[in-house]
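Engineer: Each chain, written out:
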Amino acid sequence: MLKIEKASVAYGRATALRDVSLLVNAGEIVTLIGANGAGKTTLLNAVSGMVPLKSGNIWLNDVKLSGHPPHKTVRLGMGYVPEGRQVFGSMTVMDNLTMGSYTLFSRTWFGALRYSGWALRSDRTRSNLEMVFKLFPVLKERKSQQAGSLSGGEQQMLAIGRALMSSPKILLLDEPSLGLAPNLVKDILRLLARLRDEGLTMLLIEQDAAAALKIADRGYVMERGRIVVEGSSRELLRNDEVRQAYLGKTRA
Amino acid sequence: MFVRMQSKAGYLIAAALIVLLLLIPFDWFLVRYTTLMIFIGINTMVTVGLCLLMGYTGQVSLGQAAFFGMGAYFSAILSKSYDVNPWLAMLIGAIATGAFAYVIGYPIFRLRGNYLAMATLGLGIIMYILFRQLSQYTGGPDGMAGIPYLCIGGFDFDTKFRRYFLVWFFCLAILLVSQNIVRSRAGRALRAIHGSEAAADSLGINVAQFKVKIFVLSAVYASLAGSLFVHHLRFVSPQPFDFIASVMIVVMAVIGGLASIWGAIFGAATVRILSDELLLQFGSWDVIIYGLILMLVMIFMPQGLFVGLKEAYERLRLKYTQRGAEP
Numbered sequence: 001m002l003k004i005e006k007a008s009v010a011y012g013r014a015t016a017l018r019d020v021s022l023l024v025n026a027g028e029i030v031t032l033i034g035a036n037g038a039g040k041t042t043l044l045n046a047v048s049g050m051v052p053l054k055s056g057n058i059w060l061n062d063v064k065l066s067g068h069p070p071h072k073t074v075r076l077g078m079g080y081v082p083e084g085r086q087v088f089g090s091m092t093v094m095d096n097l098t099m100g101s102y103t104l105f106s107r108t109w110f111g112a113l114r115y116s117g118w119a120l121r122s123d124r125t126r127s128n129l130e131m132v133f134k135l136f137p138v139l140k141e142r143k144s145q146q147a148g149s150l151s152g153g154e155q156q157m158l159a160i161g162r163a164l165m166s167s168p169k170i171l172l173l174d175e176p177s178l179g180l181a182p183n184l185v186k187d188i189l190r191l192l193a194r195l196r197d198e199g200l201t202m203l204l205i206e207q208d209a210a211a212a213l214k215i216a217d218r219g220y221v222m223e224r225g226r227i228v229v230e231g232s233s234r235e236l237l238r239n240d241e242v243r244q245a246y247l248g249k250t251r252a
Numbered sequence: 001m002f003v004r005m006q007s008k009a010g011y012l013i014a015a016a017l018i019v020l021l022l023l024i025p026f027d028w029f030l031v032r033y034t035t036l037m038i039f040i041g042i043n044t045m046v047t048v049g050l051c052l053l054m055g056y057t058g059q060v061s062l063g064q065a066a067f068f069g070m071g072a073y074f075s076a077i078l079s080k081s082y083d084v085n086p087w088l089a090m091l092i093g094a095i096a097t098g099a100f101a102y103v104i105g106y107p108i109f110r111l112r113g114n115y116l117a118m119a120t121l122g123l124g125i126i127m128y129i130l131f132r133q134l135s136q137y138t139g140g141p142d143g144m145a146g147i148p149y150l151c152i153g154g155f156d157f158d159t160k161f162r163r164y165f166l167v168w169f170f171c172l173a174i175l176l177v178s179q180n181i182v183r184s185r186a187g188r189a190l191r192a193i194h195g196s197e198a199a200a201d202s203l204g205i206n207v208a209q210f211k212v213k214i215f216v217l218s219a220v221y222a223s224l225a226g227s228l229f230v231h232h233l234r235f236v237s238p239q240p241f242d243f244i245a246s247v248m249i250v251v252m253a254v255i256g257g258l259a260s261i262w263g264a265i266f267g268a269a270t271v272r273i274l275s276d277e278l279l280l281q282f283g284s285w286d287v288i289i290y291g292l293i294l295m296l297v298m299i300f301m302p303q304g305l306f307v308g309l310k311e312a313y314e315r316l317r318l319k320y321t322q323r324g325a326e327p
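As they're listed, the protein sequences go chains A and B.
Per this note's numbering, the very first residue in the first sequence carries number 1; after that it's consecutive.
Per this note's numbering, the very first residue in the second sequence carries number 1; after that it's consecutive.
Keep in mind the hints are simulated off the structure, nothing from the lab.
Do not rely on the hints blindly, as some may be mistaken.
[Claimed, not checked] With a Cα cut of at most 30 Å, we get these calculated DSSO-like pairs of lysine-lysine:
#1 B:K213 with A:K72
#2 A:K169 with A:K54
#3 A:K54 with A:K6
#4 A:K143 with B:K160
#5 A:K64 with B:K213
[Said to hold, decoys possible] Which stretches of chain A does chain B cover? Using the computed rule of at least three CB atoms under 8 Å from a CB of chain B, they are:
#6 82-93
#7 195-203
We put the beta carbon where it would ideally sit given N, CA and C, even for glycine.
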């Protein structure tokens, strides 16, 4: 579904990605692991269009993504859960979610003037909203609360829910476990697995490699801007180098 | 927190305001305040634009007086020197100012925070210098007089009484349009940009374009206000569009409440009443008093007078209802 071909990115003279190729098939969770500064977030930013590619191509279902700015890639079917949640703290939970389905409304100037009540009357928005509330009942309870007053875990749920509101074909998650208690991390990852079982495709960046590989179908390991190891989760969990470097286990 | 006129109290206050607005120009009511109210209306129009830009989108502009002045000079020059119909001149002024804002908007909004403030500040100063120096068109520092009144089919807006209604018609129209924008999908997008540009981007909002659009809108508001301003005074000079004017617009926006559309009236009214009525006796010391007021508002009512007073009212009501509920 998502195909990255030999993508390179440079920030000024510093090269952040070198010829990275990666494939995400429909209906699987692919995880990207690696140390800080390996280029994981850069890769995700390149896919979402926040960072321009120096060379290479990115395809989503035969549609070329590279070269489009982020607001276009969202319309092409990208859902993006940015690092550090980035919920709109001064807006209510409900407003945050409605924002998520921003791309589903008409784009005319006149449409821009219509009351927000319209947003919720659209069928697709409403069914997406129901789905999100079913996934995260706690968000329904707190829908009129300000997003900034939610706990870290709830904010993460909100960030994921918000991304789901645009009916994405593929969801990009940048460290959803960042700053969460271990228990919550498990909950969030379990939920992602459930979403996959319902047919969603995901590219997941995680620091917690062990936890990520447990739910992922396949994984890629990045080091200094390159993909160094790739394989199914089971293979990676058995790979000695990976175990040593990222899973904190010594050779058996 | 965003103000919505949902409650019954909100409607009542709005109704009271409208009645007050209707009564003020009549001589038997508040005899001499018609002129003051005209200025309040004109300032409100500029302030609302800045509220949308600063309070909702989170983009600072210290150069709104430039657009205010552009509208004023377009109207003045076209209608006086070139005998263009004043309404047409006003329209041309608004379109030209909007186009100008659009062109400079893209480079200017590549900047953020302090740098954006500096750039808009520069814009304001440059326009002020142009107003002064292009004296073959603008009349230079002395200004130009004898600008015609606006009129609709033989009905001249030649008395304060008539112009009062003209200005407030425009002012309320702008307030309503702005309120609609704020509550709509576009308004949520603006607040999203304020909250987090990265997240707004990730939801499919064209951040750069939205900033420019709202900048253009605020420029058009300011330009319309400028046109009404010169057709009211029938005189134009660069002085009302200098750097201090831009700062005063910011002060009005902050006092009224950056993130509230209707607060703009309160902000403009407070500043105008202070400067035209109360602070005259202090002479040039008035700047200190403005500073003091600004500080007090920022400390005690960081969301501005409108929201601040509303919250104070809510607190009072809560206090009384609780007292009543106790045995």
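Engineer: Does each hint hold? Answer for all of them.
Structural biologist: Here is how each hint holds up against the structure:
1. B:K213 with A:K72: holds, 18 Å
2. A:K169 with A:K54: holds, 25 Å
3. A:K54 with A:K6: Status holds; Cα separation ~10 Å.
4. A:K143 with B:K160: Distance ~50 Å between K143 of chain A and K160 of chain B Cα, so the pair is violated.
5. A:K64 with B:K213: holds, 28 Å
6. 82-93: Per the Cβ count (7), the hint holds.
7. 195-203: violated (count 0)
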